[in-house]
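Undergrad: Residues per chain, in single letters:
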Amino acid sequence: MNRSRRLILTAAAISVLGVGLAFSTRLTGTARAAVGPVPPEALALPADSSVVMGFDVKALTGSQFYAKFGGEGEPGRVDALAEIERKTGLNPERDIDSVVIAIRAAAAAAASEPKATGPRHHGPENALIFVTGRFDAARLESSLPEAGKAQKERRDGVTIYREASGKSNGAVALLDAGILVAGDAASVETFLANRSTGHGIRDSQALVAQLESIEPGSTFWAVGGPSVLSRVTSEVGGPAGNLPAVKQVVAYGHLDPEVGMTATAQAADAKSATKIADVLRGFSAMLSLQSGQRAELAQIADSISVATEDEKVHVKATITHELIESLKKSAMAAHARKAEVEIH
Amino acid sequence: MSSSQIYEQHYRRLDASIPLRAQRWIPIAREGLKALVGFRAFLGLIAIGWLPVFGRLVQVYFTTRFPEARRVVPVDDKLFFDFMAMQLPWMLLMSAYAGAGLIANDMRTGGLLLYLSRPLTLVDYILGKFSILFASLSMVTLIPGVVLFLGARSLAPDVLGDAAHLLLLPKIIGFSLVMILPTIGLVLVMSALARNPRFAGLGFFFVFVGTTVAQGIAWQATRSPYAGLASIQACMRRVGEWIFQVKPTRMTAALPAEWALLVLVLLALGCFYVLKTRVRAVEVVK
Amino acid sequence: MTTADQALPVRPLWPAAKDVFFISIERMLPRPRSFWVFALLALPVFFGVLLRIYPPKDLPLTGFELDGIVVALFFIRNLLPLVALLFGSALISDAVDSKTLTYFLTRPISRLSIFLGEFMAYLVTVLTLTVPCVVLTYLVLCVGTPQGTGFGATDLVQDLGACALTLFTYGGVFALLGVSLKRPLIPGLLFLFVWEGFVANFPGDAPNYTLTAYARSLIRHRPSEEGLAELFSKFFPVGESVLVLGIVGVVSLALAIWIFSRREYVISS
Amino acid sequence: MTARVVFKKASRWYGPVMALNDVSFELGPGVYGLLGPNGAGKSSLLKLASGQLRPSQGTVELLGRPAFGSPDVFHSVGLCSDTDALFEDFTGLQFVSALLSLNGFDEVQARKLATEAIETVDLKDAMHRKVGGYSKGMRQRIKLAQSLAHRPEVLFLDEPLTGMDPQNRKRISDLMKRLGDDGRTVLVSTHILHELEQVTRRVLLIHNGRVLAEGDLGEIRDLLDRHPRSVRIKAADTRGLARELVSLPDLVSLNLEDATGHLLAEIRKPDAFFSKVQELSAACGVEEMWVTDENLESVFSYLVSK
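Protein chains in written order, with this note's numbering: chain H, 1 to 344; chain G, 1 to 286; chain E, 1 to 269; chain V, 1 to 306.
Check before you lean on any hint, since a few could be wrong.
Derived SDA-like pairs (lysine to any residue); straight-line CA-CA distance at most 25 angstroms [stated by the list, open to error]: (1) LYS99/E / GLY133/V; (2) LYS9/V / TYR265/E; (3) LYS182/E / VAL207/G; (4) LYS18/E / ASP89/V; (5) LYS99/E / GLY110/G; (6) LYS130/V / ARG5/H.
No lab work stands behind these hints, which were simulated from the structure alone.
Just chain H, same shape as in the assembly:
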């Protein structure tokens, strides 16, 4: 089979080289262009975002943590996922790779969108959600009009759906089968404009620096700027309400082999940093005091370490899967006791 062997080998060589080229470009391309954990395609997210956070859904669903705690106690979860898949062709567990959420403070959003009128709400309208994965584009598109009576527009290879009900101005843009962006219409437009002009996260050196400081391979992460954080601290109230203003926070963590989280908050000065650290230590001490009633609390308290470094506060927490398990068990027992009392 000399002649056929030559043909087969030639075909195989072309195919392997082609696929290899595609994969190698994917790997090298991502490494070169990504900023911290933000994939290159998401760099068009607005530079004036107050908070940018993300989840590595692939790492999450593939983790031992997810295997242990992901589906327990929620019998409807599997059905719900199946229903989503039936309607949209999308199985979030399987098809979504990562999610990046950029939240813009109201002021920033208003400033960059002078045309936007009427009262603006904090919340989803100001959050721009960027999802990567593999979407069954046709099916996803066919499911959207049914659900939201959306208006469809195709422009520059991008399909945009706008809610046509008038109650809100949400929009979803399907950049292609691998990327979906959702948010308020103006933010989505900004994203698309940035995408074609090359603007985005890279415009903010501070944001890039924060993102670069995130440990590679983190399953979840968040970076936050001053405006949102100051609002959070003032609105939460309680002990946190008395905290000095935090200028920025960088947090990231992983789920395996134990759940670990690292957060670095930057206060105005060293004094404020110490104050924040003290509050956190006090919180930890309170947990230790309650260890007589629940032993797990002491372990949690032990797992948290707080340190200061000039105007920075470093918080580190490591919680083993066993500890989470026992916490869950005791919570269920308490729930059962409560139910028993109610019956009686």
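Use these hints to put chains G, E and V onto chain H, whose structure you have.
TA: What follows is chains G, E and V alone, placed relative to chain H:
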């Protein structure tokens, strides 16, 4: 024993001086059609191809009983155009069935040499085969179209009875020829290129389907009406739209019908040329 | 000459199938028909090159999306089923037509191994013709685009899998047609263009009974279709699609083997 | 010695057409001729014997197993069919080697055996050429090579000498004889009697699907000799020739054809007649002579009518 005469050891063309009879292709066509009619599947394909005629006639009859229905399903040029255009896929199937083996079988079995060893010219042979296909394909396009027109005219004389509507007849004939002639050319070329009728039939479909899909993709990529020139079917349809003066489809709306016609004419001529070259290659040379 | 041992059993299935494969692949792949099929399958590559050299001003689709259309519409929906019809229906009937089946039937190998060897040759042939075209189409349409060559690398691999599965399933179906009918061409075309062409876009559960609806569900990066197809297109989860296509392919093959094993072939001069 | 090929009341129909009717015989080692006119059922018989067809009635056994559906017997069976089908793009060596690989020989063995078989049929010089370019005789020989390359015990040869030149006919006839002497069973079909005479004396005479005679060729030959045959002679002195021939004892009739000037003779013992014509050829200017009904069909019709 006397010595035998030694002949030159090569094939020789017939140098007969007997004049060739006229219409020499007729026996080829007649025998070919006889053979085809012997196949029940062939008759079945024709029968199914006629079903839409009755459907359309029922439609016309319906509009004579309920004239208000004409607003929804008018009896006009478009009705005949739609009918003819819908016969196209059936015509392709008929072509593959009836045409794939016409030359391929002769090539494979050596029948071609038998034909050409008779007082026949190459053109006679091709014309004979062409006639078989022309008759076969007319049975699902031209003839049903004309029958539909005559039937509809008798059912709805108020609409189609006037002299102006008589123009529909040449339109039907014209569109039928636009569909039939390039198709015959293509299927005969495929039959001459492939020795196996199955491959000839599939090759014919490959080209038809391939060019249509290529048009679809080219249109999606460029939104250019000229993408239609890549598809034989789209060209046929565009010329049909022009003949019947009906609203063109979106993909080829801005495609000039003359261009489409030019593509079809070039295709038909190209096919005839390839056919002649290919069959000549098999013919014994002097 | 020594006398062969007449007590030898039938040769084991796979070694015999492998030997049939080596003969069949040589008779199937390096032939003019393969060249023409390759030329047709490579049309998108040619088209892609043209598009890259002379890009339209307002390209409405990204290269990656266009690749999705090409794979879904050109390969999976139209050309690959035709390729499967061409080669699949000829698996045994080609050997009958060329009268060479006798050489296989008078050897100490089971008919099952003959069929499997032929089918393996079919798969390798069609994949050899198809895979480079799919890969090259992707590269031509995606290299140097803003999204980058690597963007759809995983989709490319999935597309190749979808193409292979499509060729396997349709190959099985048409192999069955080829061993059952003397003239499989017209029934095959009717199946492809009447049944698969129309029923797949019917409303309701009708698409459940077509192969193309499952095959197209495997291409996840195509943009939505237009016209009726957009209204009625039904898509299935990937797992279900793979399962259905796999089962249909295997069952068709099993039936084809069953028929081939029992059938007599009267091959005469 | 046990029989290797056994037909027991085997019949075979193709739809309403009966190809073989109630045939019974047994073949042991040696060469057997299967003699019959075109359409007699020779090929059907060989197809039944080689397991390509199933008998409609009765049984056909090959090496003790039902011929149809027993692929294992093909380790020891070879078939050279009458169809002119080869793997056209293969070289002669590739063709035979590839088929040997189906018998389970590895590449080296297959190549060795194939080369030997090709040498046996005198095709060594052409073995690296594609079989698609072979002449009719070469194609016949390469088919023969593939049938005997794996050294089978039973060999079915359907019209093996078709298209061969006299030299190769002789070579292949000798080969068949050798195979028979070697203890193999060789069943050769042909419709030309003298081809068989060079190979074997054991004959199965078949006509209209029935075995008419089975046995020694000499006996059948005698039977044939009693059947008058027509000979046409073209000569310069036809009348003189007629005068000389008319005295021959086995001459049945002698006619002078006015239109052509040919002499038409009906004879019973052709050998004696031919020698006599040979003697007279110079004197009477014999230009051509041919037997008009040598085809066995006329012989069979004579036999059947008896």
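Undergrad: Each hint needs a verdict: does it hold in this structure or not?
TA: Here is what the structure says about each hint:
no.: 1; hint: LYS99/E / GLY133/V; in the structure: holds (18 angstroms)
no.: 2; hint: LYS9/V / TYR265/E; in the structure: holds (22 angstroms)
no.: 3; hint: LYS182/E / VAL207/G; in the structure: holds (24 angstroms)
no.: 4; hint: LYS18/E / ASP89/V; in the structure: holds (20 angstroms)
no.: 5; hint: LYS99/E / GLY110/G; in the structure: holds (17 angstroms)
no.: 6; hint: LYS130/V / ARG5/H; in the structure: holds (18 angstroms)
When held up to the earlier numbered hints, the structure conflicts with none and fits them all.
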